[in-house]
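So the protein sequences, as listed, match chains B and P. Residues in the first sequence are numbered from 1 upward in steps of one, following this note's numbering. Residues in the second sequence are numbered from 1001 upward in steps of one, following this note's numbering.
FYI, nobody ran anything at the bench for these hints, they're computed from the structure. One thing to keep in mind: the hints can contain errors.
To be verified - 25 Å max Cα-Cα, derived BS3-like pairs, lysine-lysine:
hint, chain 1, residue 1, chain 2, residue 2
1, P, 1047, B, 158
2, B, 255, P, 1080
3, P, 1080, B, 158
4, P, 1061, B, 158
Said to hold, decoys possible - Derived Cβ-Cβ restraints for the label pairs, each shown as a range:
hint, chain 1, residue 1, chain 2, residue 2, range
5, B, 137, P, 1170, 47 to 57 Å
6, P, 1155, B, 512, 27 to 37 Å
7, B, 480, P, 1026, 29 to 39 Å
8, B, 512, P, 1069, 42 to 52 Å
Backbone N, C-alpha and C define an ideal beta-carbon position, used for all residues, glycine too.
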Amino acid sequence: MKNTKKLLALLLALMMVLALAACGQQQPAPQAGNDEPAPVDEPAPVDTPKETKDYVIIGTSTEPNGDWAYAAFTSSINATDQDILTLTDDCVTVTSNEGGDYVLNDSVVKSYERTEDADGNATYTFEIKEGLVFNNGDPITAENFLAWSLFVISPAGKEMGTVSNSYNMILGGPDYKDGNVPYLAGLRLLGDYSFSLTIMATGYDGNAYLPYYYDLSYAGMRAVNLDYWFGEGWHVKDDGEGAYLVNDNGLELTKDNIADHVTAAQYATSDRVTAGPYNLVNFDKAATEITLEINPNYCGDFQGQKPAIKKLVIVRAEDETILDTIRTGGIDLYSGIADGGQVNALIDMIEGGEIDSDYCRYDRAGFGYFQFACDFGPSQWKEFRQAVAMCLDRNEFANTFCQGWGGVVHGPYCTAFTMYKDSKDFLANNLNTYDYNPDGAVELLKSIGFVLNADGTDYVDGSGLVRYKEVTEEEAQYYDDFVVNVDGKILMPATLNWASSEGNSVSDLLSTMLANGEAVKQAGIEIKQNVMTFPELLNYMYRQDAYGLGGNYSVPTYNMFNLATGWNSGAYDFSFEFTTDEAYILDGYNTTHLYDEELDKLSMDMVYGVEPGDYDTYLNMWQQFVLRYNEMLPRVPLYANIYVSVFPNSIVNYQEGPFWGFSRAILYADYAA
Amino acid sequence: MRKYLIKRFAYLVVVFFVVSLMMYAIYNLIPSDPALVQMEPLRKTLKPDEWTAQYLQLRTKLGLDQPLLVRYARWMGFMKDVDGTFSGLLQGNFGYSVSYKRPVVDIIGTPMLNTILLNFISTILTLAITIPLGIYCAVHARSAGDSAIQAGTVVGYSLPTYLVGILFIYIFAVLLRWLPTGGAKTPGSTYTGTREFLDRLYYMALPVLVLVFTGLAGMTRTVRAAMMDTLSQDYIRTARAKGLREKVVVYSHAWRNALLPVSTSIMGWMISVFTGGSLVIETTFSLNGTGRLYWSALNTTDYELVLAMQMFYTLVSLVGVLLTDLSYTLVDPRVRIDK
Chain B
1 MKNTKKLLAL
11 LLALMMVLAL
21 AACGQQQPAP
31 QAGNDEPAPV
41 DEPAPVDTPK
51 ETKDYVIIGT
61 STEPNGDWAY
71 AAFTSSINAT
81 DQDILTLTDD
91 CVTVTSNEGG
101 DYVLNDSVVK
111 SYERTEDADG
121 NATYTFEIKE
131 GLVFNNGDPI
141 TAENFLAWSL
151 FVISPAGKEM
161 GTVSNSYNMI
171 LGGPDYKDGN
181 VPYLAGLRLL
191 GDYSFSLTIM
201 ATGYDGNAYL
211 PYYYDLSYAG
221 MRAVNLDYWF
231 GEGWHVKDDG
241 EGAYLVNDNG
251 LELTKDNIAD
261 HVTAAQYATS
271 DRVTAGPYNL
281 VNFDKAATEI
291 TLEINPNYCG
301 DFQGQKPAIK
311 KLVIVRAEDE
321 TILDTIRTGG
331 IDLYSGIADG
341 GQVNALIDMI
351 EGGEIDSDYC
361 RYDRAGFGYF
371 QFACDFGPSQ
381 WKEFRQAVAM
391 CLDRNEFANT
401 FCQGWGGVVH
411 GPYCTAFTMY
421 KDSKDFLANN
431 LNTYDYNPDG
441 AVELLKSIGF
451 VLNADGTDYV
461 DGSGLVRYKE
471 VTEEEAQYYD
481 DFVVNVDGKI
491 LMPATLNWAS
501 SEGNSVSDLL
511 STMLANGEAV
521 KQAGIEIKQN
531 VMTFPELLNY
541 MYRQDAYGLG
551 GNYSVPTYNM
561 FNLATGWNSG
571 AYDFSFEFTT
581 DEAYILDGYN
591 TTHLYDEELD
601 KLSMDMVYGV
611 EPGDYDTYLN
621 MWQQFVLRYN
631 EMLPRVPLYA
641 NIYVSVFPNS
651 IVNYQEGPFW
661 GFSRAILYAD
671 YAA
Chain P
1001 MRKYLIKRFA
1011 YLVVVFFVVS
1021 LMMYAIYNLI
1031 PSDPALVQME
1041 PLRKTLKPDE
1051 WTAQYLQLRT
1061 KLGLDQPLLV
1071 RYARWMGFMK
1081 DVDGTFSGLL
1091 QGNFGYSVSY
1101 KRPVVDIIGT
1111 PMLNTILLNF
1121 ISTILTLAIT
1131 IPLGIYCAVH
1141 ARSAGDSAIQ
1151 AGTVVGYSLP
1161 TYLVGILFIY
1171 IFAVLLRWLP
1181 TGGAKTPGST
1191 YTGTREFLDR
1201 LYYMALPVLV
1211 LVFTGLAGMT
1221 RTVRAAMMDT
1231 LSQDYIRTAR
1241 AKGLREKVVV
1251 YSHAWRNALL
1261 PVSTSIMGWM
1271 ISVFTGGSLV
1281 IETTFSLNGT
1291 GRLYWSALNT
1301 TDYELVLAMQ
1311 MFYTLVSLVG
1321 VLLTDLSYTL
1331 VDPRVRIDK
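Bound conformation, chain B alone:
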């Protein structure tokens, strides 16, 4: 017993000593494989010369999953994983530029040709440059660009759970996917450095794929290392009918033969064989930290740009403590701060010399909004929707919410779009900005018959009561909880049933400035806020049953929702979003339930009715679409943030943009002299 006591006491003492020793240690500089204690220095004030770091610590609020299979097995890929992929895998035929437009990657593509047959099917033929290599020195040839598609669409890939539907649009896709033929007719290996891809104008699923304004995106293909992903001995061959994967050792392309390799490559935490500006050196899951080092074999991005910053360390950062972490040097670079309060504090820190950093700012490629269900309740009338918009001072809302770091847009766009830049005058002259105008809202409500009280008597403006309108049975559908029957007449109140997600600061402000605002009350409108979880809100919005338990989600219940949207690239594609096709609507498309033939046609024709490159036609349709959207107002834009990114003064030429995140901008950064 005495020995046990002694042991316990010793352990406790040891633990305390170690903890104290650890507490006394200063933050050391990263060193590879170092087992020696780092020199202990006093904390240096900002203005004293610091040791030059050759690495940059980047904070991310999104935890990396470490899935590097290019979203082959998953419906989505998180922002950090996407950044890592951009930084490590950039040997692609098509990429996007600073404006978000799809462009050919001139560092990879030597020549490119697009041809079309009589049926409108398009063939994209590439010749890639010789001398391209992976980070391990393996040469990159045409085989490497075909291999991934051949795997993803193959029966083996499908058995492993790949989610791509590209087989519907690639010539011969279904036959290859189902194992009827061993080759994919739409992919051709034309030589060591040449290959082609054929896309069907009308896919095997009956959908029209061409013409498509952004059809260059179809031709985006990525080089993967066959040995690394599938094991040794795999090659791509073409006997004249189409490309296929074959193994030197006689292995069949089956799940059993490749699954282990694919899974190992998919979740590798180091030593990935890739061809991007950086190499994945280590993914430390315990510390949630990713280390990347420059790839000397990189051929450059689409402009030939190669990185100068030798090492990137990406760490998890918490929103609550991000400023303190930046202040204490825990993070050098942090992208896309949206919170106005944090931005103001950050700029104070920079301008006050508290941190040796600078910042860049850019408009968010997206906006926050509230949307209506336009097929029932009072929101079925566009004048009502417009009246609600006029009861909110959106400029004030945006200013309050973004604390000066944001603004308002008046349609479904962001200011970074080329179309917007080319349409500024048109939009300024033609868009209704729905300025704060409670009187105007009253006039609009009167114009559609909201002129009664609940008892059927005439409504007196300014009474503060809720307005009513006499409606038909059809118009009153799904609004039983709100409509009243008076003397055989059905009266519908100007009441919106709002589904609002919990813990949402936009909802809180919307509640204060709109739902409980004076303008709404004086106009005779009522907005009932119903707080719920976001998944439940989505169920009501999509009107779909959840988890097979039935429920009332398919019954129209709420006619106002607040959400946000964004674009990852400059591709502006609203197709199917305003569909009037009953089957698509039942499947959750067209969540605004605005059944407007004109808007539906414009949203489809804008991308599927315009030849690639015909910008003038596209721009004209885009303007008409925005105009119609602005008039019908299925959604009311609320705010569009200005994002701010902070970076250390030890690097220069760092500039992010709406479609140009840190993973692209860092390639252009260099060490300060």
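Dock chain P against the given chain B, drawing on the hints supplied.
Frame of chain B; chain P shown alone:
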């Protein structure tokens, strides 16, 4: 003893399955569609027909078109799954995380180890401080020192952990620059051996300090109360009357007897903090632990991950209660659990 253990084990099994059914039913009542969660991001990339086909296919694959009891039986491993094999909890399949897109078992290991390490250190330190403090307070009950300790420890107990965390970050990281604001290691370092261990401890120091500070009051008061109760017993008076030194009275006679109620508290407390993680601490200090994982899974409606963690906690709690009961015999030889 064996009979008692068999009885307790049977009880444990029954409770485990009852709890599992209840938990499964509760999480399935939450209005969320795992198939929709997985498929929603594909709306913009798939054509509607294809999206619908894949959505329905996924619902079938996940077995969502089956009644609740069937789904439970499959999840637990009592029934064959959609693929015709038994692959439930009982077969070691903890489910599939829709947010991480990986089997749950591949996800929880690392956070669990982090949480256990963090909580192990903080628990040992807390006990090392609170036990002597509690004894001191009991021996010097109602003295100025006792009152000061009571008041001091209750501050940590009363303040929200989040607030203490932010306050400590401000003091120790921002003002004094002694410790980092968060994280688990020096970014980019590739230390090994002792250097790595010390680096990890350095980054763990601040969260440990917060955990210790906020955990002082509870155990101090438990020890104090147990000791005060024991010190008022007749045999303590007898011991003192015999002329024994006060140190011997306190540590050899009183403390050993006071240990019985204290040990149950310690046992339960240790099991809960070892495995449960601390959402607030882990999110404040950017640590990859089970508390944050659990919170993240709830927010992303990743219920298979949530359920797996819940069932693990359930099992640990049940085993913990059993161990606590068994520990009575170790602490107090008078206790015979087989009678």
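Hints versus structure:
1. P:1047 <-> B:158: 18 Å, holds
2. B:255 <-> P:1080: Holds, at about 22 Å.
3. P:1080 <-> B:158: Given that 25 Å is the threshold and the Cα spacing comes to 23 Å, the pair holds.
4. P:1061 <-> B:158: OK: residue 1061 of chain P and residue 158 of chain B at ~14 Å, within 25 Å.
5. B:137 <-> P:1170: 47 to 57 Å: Once the Cβ atoms are compared, 50 Å apart, the range 47 to 57 Å for residue 1170 of chain P and residue 137 of chain B holds.
6. P:1155 <-> B:512: 27 to 37 Å: The hinted range 27 to 37 Å holds for residue 1155 of chain P and residue 512 of chain B, with Cβ atoms some 35 Å apart.
7. B:480 <-> P:1026: 29 to 39 Å: For residue 1026 of chain P against residue 480 of chain B, whose Cβ atoms are near 31 Å apart, the range 29 to 39 Å holds.
8. B:512 <-> P:1069: 42 to 52 Å: 46 Å, holds
Checked against the numbered hints above, the structure breaks none of them.
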